[in-house]
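If you're matching them up, the sequences are chains A and B in order. All residue numbers for the first sequence refer to the working numbering, where the first residue is 1 and numbers rise by one. All residue numbers for the second sequence refer to the working numbering, where the first residue is 1 and numbers rise by one.
Be careful, since some hints might not be right.
[As the list claims (entries may be wrong)] Here are some, though not all, of the chain B residues that point toward chain A, as calculated from beta-carbon distances under 10 angstroms:
{"hint": "1", "residue": "55"}
{"hint": "2", "residue": "96"}
{"hint": "3", "residue": "146"}
{"hint": "4", "residue": "246"}
[To be verified] Pairs of lysine-lysine, DSS-like flavour, derived with a Cα cap of 27 angstroms:
{"hint": "5", "chain 1": "A", "residue 1": "137", "chain 2": "B", "residue 2": "82"}
{"hint": "6", "chain 1": "A", "residue 1": "82", "chain 2": "A", "residue 2": "119"}
{"hint": "7", "chain 1": "B", "residue 1": "195", "chain 2": "A", "residue 2": "195"}
{"hint": "8", "chain 1": "A", "residue 1": "137", "chain 2": "A", "residue 2": "219"}
{"hint": "9", "chain 1": "B", "residue 1": "81", "chain 2": "B", "residue 2": "137"}
{"hint": "10", "chain 1": "A", "residue 1": "275", "chain 2": "B", "residue 2": "195"}
{"hint": "11", "chain 1": "A", "residue 1": "275", "chain 2": "B", "residue 2": "173"}
Calculated from the structure, these hints are not laboratory results. Don't be surprised by glycine CBs; every beta carbon is placed ideally from N, CA and C.
There are 2 protein chains.
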Amino acid sequence: MAVTLAIDCMGGDHGPSVTVPAALDFLRRDAECSVILVGLEDVIRPLLGRAAEDFGARLQLRHASEIVGMDEAVGSALRGKKDSSMRVVADLVKSGEAEAALSAGNTGALMAISRFVLKTLPGIDRPAIATILPTMKGHTYVLDLGANVDCEPEHLLQFGIMGAMLVSALEHKDRPSVGLLNIGEEAIKGNEVVKRAGELLKVSGLNFFGNVEGDDIYKGTTDVVVCDGFVGNVALKTSEGLAQMITTFLREAFSRNWLTKLAALMARPALNAFKARVDHRRYNGASLLGLRGVVVKSHGSADTFAFRCALERAAEAARNNLPARIAARMAAAVVA
Amino acid sequence: MAVTLAIDCMGGDHGPSVTVPAALDFLRRDAECSVILVGLEDVIRPLLGRAAEDFGARLQLRHASEIVGMDEAVGSALRGKKDSSMRVVADLVKSGEAEAALSAGNTGALMAISRFVLKTLPGIDRPAIATILPTMKGHTYVLDLGANVDCEPEHLLQFGIMGAMLVSALEHKDRPSVGLLNIGEEAIKGNEVVKRAGELLKVSGLNFFGNVEGDDIYKGTTDVVVCDGFVGNVALKTSEGLAQMITTFLREAFSRNWLTKLAALMARPALNAFKARVDHRRYNGASLLGLRGVVVKSHGSADTFAFRCALERAAEAARNNLPARIAARMAAAVVA
Chain A
1 MAVTLAIDCM GGDHGPSVTV PAALDFLRRD AECSVILVGL EDVIRPLLGR
51 AAEDFGARLQ LRHASEIVGM DEAVGSALRG KKDSSMRVVA DLVKSGEAEA
101 ALSAGNTGAL MAISRFVLKT LPGIDRPAIA TILPTMKGHT YVLDLGANVD
151 CEPEHLLQFG IMGAMLVSAL EHKDRPSVGL LNIGEEAIKG NEVVKRAGEL
201 LKVSGLNFFG NVEGDDIYKG TTDVVVCDGF VGNVALKTSE GLAQMITTFL
251 REAFSRNWLT KLAALMARPA LNAFKARVDH RRYNGASLLG LRGVVVKSHG
301 SADTFAFRCA LERAAEAARN NLPARIAARM AAAVVA
Chain B
1 MAVTLAIDCM GGDHGPSVTV PAALDFLRRD AECSVILVGL EDVIRPLLGR
51 AAEDFGARLQ LRHASEIVGM DEAVGSALRG KKDSSMRVVA DLVKSGEAEA
101 ALSAGNTGAL MAISRFVLKT LPGIDRPAIA TILPTMKGHT YVLDLGANVD
151 CEPEHLLQFG IMGAMLVSAL EHKDRPSVGL LNIGEEAIKG NEVVKRAGEL
201 LKVSGLNFFG NVEGDDIYKG TTDVVVCDGF VGNVALKTSE GLAQMITTFL
251 REAFSRNWLT KLAALMARPA LNAFKARVDH RRYNGASLLG LRGVVVKSHG
301 SADTFAFRCA LERAAEAARN NLPARIAARM AAAVVA
């Protein structure tokens, strides 16, 4: 199915120098989709080269006069910059000109703007952010990642529903398994909110696996892991820190002397195969779930390849009507 | 200073086959310390060999007729087994015959028994569990790791004090830095309990760094990282899962074909240097803090080397009067 993506070209650490080539690459590979590049026209147009002729109506450029800063306060971005590229991509989804919005900008601002412009789906109290992590078996979707702290059990149930629908839309799995992040497999463990959330998930009709622990994320025990935004953010950031440390230690171990450097040269194919397997760029594109429209957040430091992965993910979510799936599943849950 | 360790020889996945050799090795390396080996006499004595003559009064054996199972319910261990090896090591600290108790058994049971026998220090509401993790700069102490879910801000303050005193006792640092695990550096972020805990820590007289994020654990930003037991447990287990996945992927990358296998052979010195640097066995020995006595929990799967590391850690904590340090710091905090 043909979908149109509205791309905030100004967000992220590298701005249009990454987002524009990634968008053109995406158009080249997906002959059905279209994009609307949003941002400062003077900056974007010179980067297009012959693309305007190549892609015709599949490539549009929409000028937006303002830019949301990476560290800008949410209030200032939301109320002070009504013509920001971030705001315009949300507006384009709202008006139906695009099926998905994508930005590598400030996460808090993107969430606030998306929520303000698009509104939440019926029955969803709070939108959540879901990311994908590599696992021993493939990959797993984890939510929430920081949009929601101090959650109630009902919120965790909603995250479970949204996560399951995300997997069904992106992976075409009928009944994705959902795990509840806890600190022990026994039902007696964990805090009060999590205990009650487990009871709600058990009767939700979802394919609820039960409690999982932190190591189950990387074991790939379930398709979806549900937790509150505080815990999810800590788990993600801790993982980033550990991965960074291991990478640094490996590099240092291989650069100690000429013998280890020679070994590194010989080991390059193996090390490259290893790197490809855990390459976080492939998993770029966190979904803002629970909104009346598809919104995807790229990592700010994404390169062209990573940003294109996020575009592909956004297109797939839009193609499979993710918001409608969530709305339908929520309606079923309310009736039940 | 000479200290005596009471060692539960029956706990852990390997029981006396690991704990006894580790204890003898410890005695060989630390000429001042003594140990009391606790457990089934018939099982332990044959493992001693000539050690009884070698170490004289520094090595005692105390029979305990019962064993707490690794998965045994806390209530059954606490009330049903008054002559368990785990119970007897706590009793020996209580009576003053030993300065520290050590077990590789069931964590929940060890915490419950230690708390029942030894009681908490004045001003401490709940004991906590602290572990050590390797970092880019050395290592960091993280607490709590699962003893306490649903914490109040005051508990997090107490964890900060206990963690700082642990570092002062084990590392001989005067004013260890303390970070509060949160999901953003801005004070506005985080949940209500953490926000309020930050305010308490700020005026506590501790060397409070402020908020840290998950990746700061492995960056080694602060000497101590404070969080509630739910979050700490998730961070630790997630790290274990990720480390396991990376190890597996590395092994698989190097065993793909004869060329990568040859590379692995050449890379062995570098890979071994890397492994030594992140060897979790060196960090074995989690401290149960806030009790009127030193209690250290070894990982259940510890080998002889890892268990000896935990013994050395317990001896150092006892030698430096960790409980007295915590009590003194708590008294100062109450006055302030």
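Query raised in the report: Which hints from the list above does the structure break, by number from lowest to highest?
Result: 1, 2, 5, 9, 10, 11
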